Amino acid sequence: MISILLSLYWSFLKVGLFTVGGGYAMIPLMEAEGIKVHGWLTPSEFLDIIAVAEMTPGPISINAATFIGYTLAGVTGSLIATLGVITPSLVLLTLLSKVLLQVVRNPGAENFISGLRSGLIALILLASFTLGQTAIIDVPTAMIFAALLIGSLVRRVSPLYFIAAGAILGLLLYPY
Amino acid sequence: MASQAENPAKTESLWSILLTFFKVGAFTFGGGYAILPVIQQEVVENKKWVSQRDFADILIITQGMPGQLALNSAIQIGIRLRGTAGGLVGALGVTAPSVIILLIIAAFIYPVVRHNEYVQAVFYGLRPAVVALIAAAAIKMGREILQGWSAVLLCAILLIIAIVSQVHPILILLIGGLVGLILGRRNFLS
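Chains L and H supply the protein sequences, listed in that same order.
The C-terminal residue of the first sequence carries number 176 in the working numbering, and the numbering is unbroken.
The C-terminal residue of the second sequence carries number 366 in the working numbering, and the numbering is unbroken.
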């Protein structure tokens, strides 16, 4: 039990530390830690958790950490995973509070972050391919994916509409 | 909900910081940039805790530092108001609604409904929708960040390394960061 709590904390700390820019930046790391490294969940469970995290208020990575932590180690697990994901923010912002603006405007730091973000885009793209293999399994799911992706590129819509559309189309098109 | 602090111009009660960020955490959906207008409304316009200018600085820091946008903003505003204790309380406030709501779902709702046929149907449609969201996020971030051929090239090379080598994503991010550091910013942003 202690060892699973420690690995939950350490995994989610890494997720928190390398999520620069918020939102979906955490997807590749959470996928790597939760599915590939530890085998805590399957790709389709991971997608279900992201969907639930989108439907509920609050930051996605905190929602996902709570859910994954709970399924592995109950309430303690959920608190430990959440603590892990917020630890880097708490520590860095508290320790550096006086000099933060100088830090992020430092040319070296800016260069590092912009290079890191190039990598992040590659990783998020790759995650959409690997997760797509478990989500896009037949003609209806391929249509849902294509319609929503094209829709999102044409106009800016809240992720909530995506979730609502996915749920309704799922109910209509599911091979009962 | 006026705070009863000795020095009302400077000191905001921890309780009011907690409540404000609890509200932000409880009423913002979708994460990321969707949360920012809500925080701005609350802390700049309603509470007047920070000026528009300070809020802009907070955003710059938030985007350049690791962590969720809402969380990072809450910690920074908390620190400005009440030091480290304020930062902790801001983090607690913005995180608590997520933890409470997701615990209820994970403990009581998900186990009961997960095998229901209609719930299965909903998730059958939600999975490709989430993949579309993730792909759209990559494309949007790419349009915003990948300006100039060297950034596009770096992204493509890192993608190939990630596909071929199966290394941990942290390594890919660190390689990207180091290349950025060595090549310099002029090559990356138009």
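Everything labelled a hint here was simulated from the structure, so no lab data went into it.
A quick note: this is a predicted structure, and the numbers were derived from the prediction, not measured.
Among the hints, erroneous ones may be present.
Said to hold, decoys possible - Think about it this way: if two alpha-carbon atoms lie no more than 27 Å apart in a straight line, the pair counts; the simulated DSS-like pairs of lysine-lysine are:
| no. | chain 1 | residue 1 | chain 2 | residue 2 |
| --- | --- | --- | --- | --- |
| 1 | H | K224 | H | K199 |
| 2 | H | K199 | H | K223 |
| 3 | H | K316 | L | K98 |
| 4 | L | K98 | H | K223 |
As the list claims (entries may be wrong) - Sample of chain L residues lacking proximity to chain H, with all beta carbon distances greater than 12 Å (derived):
| no. | residue |
| --- | --- |
| 5 | M1 |
| 6 | S3 |
| 7 | L5 |
| 8 | F18 |
| 9 | T87 |
| 10 | L96 |
| 11 | V157 |
| 12 | I163 |
| 13 | P175 |
To be verified - Short, incomplete list of chain H residues facing chain L, as computed with Cβ under 7 Å:
| no. | residue |
| --- | --- |
| 14 | P287 |
| 15 | V288 |
| 16 | G324 |
Where is the CB? At the ideal position from N, CA and C, for every residue including glycine.
Results of checking the hints against the structure:
1. H/K224 x H/K199: Holds, at about 16 Å.
2. H/K199 x H/K223: With Cα atoms ~13 Å apart, H/K199 and H/K223 stay inside 27 Å; holds.
3. H/K316 x L/K98: violated (32 Å)
4. L/K98 x H/K223: holds (23 Å)
5. M1: For L/M1, whose nearest Cβ neighbour in chain H is about 18 Å away, the distance exceeds 12 Å, so it holds.
6. S3: holds (20 Å)
7. L5: L/L5 is indeed farther than 12 Å from all Cβ atoms of chain H, at 16 Å.
8. F18: violated (6 Å)
9. T87: Contrary to the label, L/T87 does not stay out of reach of chain H, its closest Cβ about 9 Å off (not over 12 Å).
10. L96: violated (8 Å)
11. V157: violated (10 Å)
12. I163: Check fails; 6 Å does not lie beyond 12 Å.
13. P175: It is violated; L/P175 is separated from chain H by about 8 Å at its closest Cβ, not greater than 12 Å.
14. P287: violated (9 Å)
15. V288: violated (14 Å)
16. G324: violated (10 Å)
In summary, the structure is inconsistent with hints 3, 8, 9, 10, 11, 12, 13, 14, 15 and 16 from the numbered list given earlier, while agreeing with the others.
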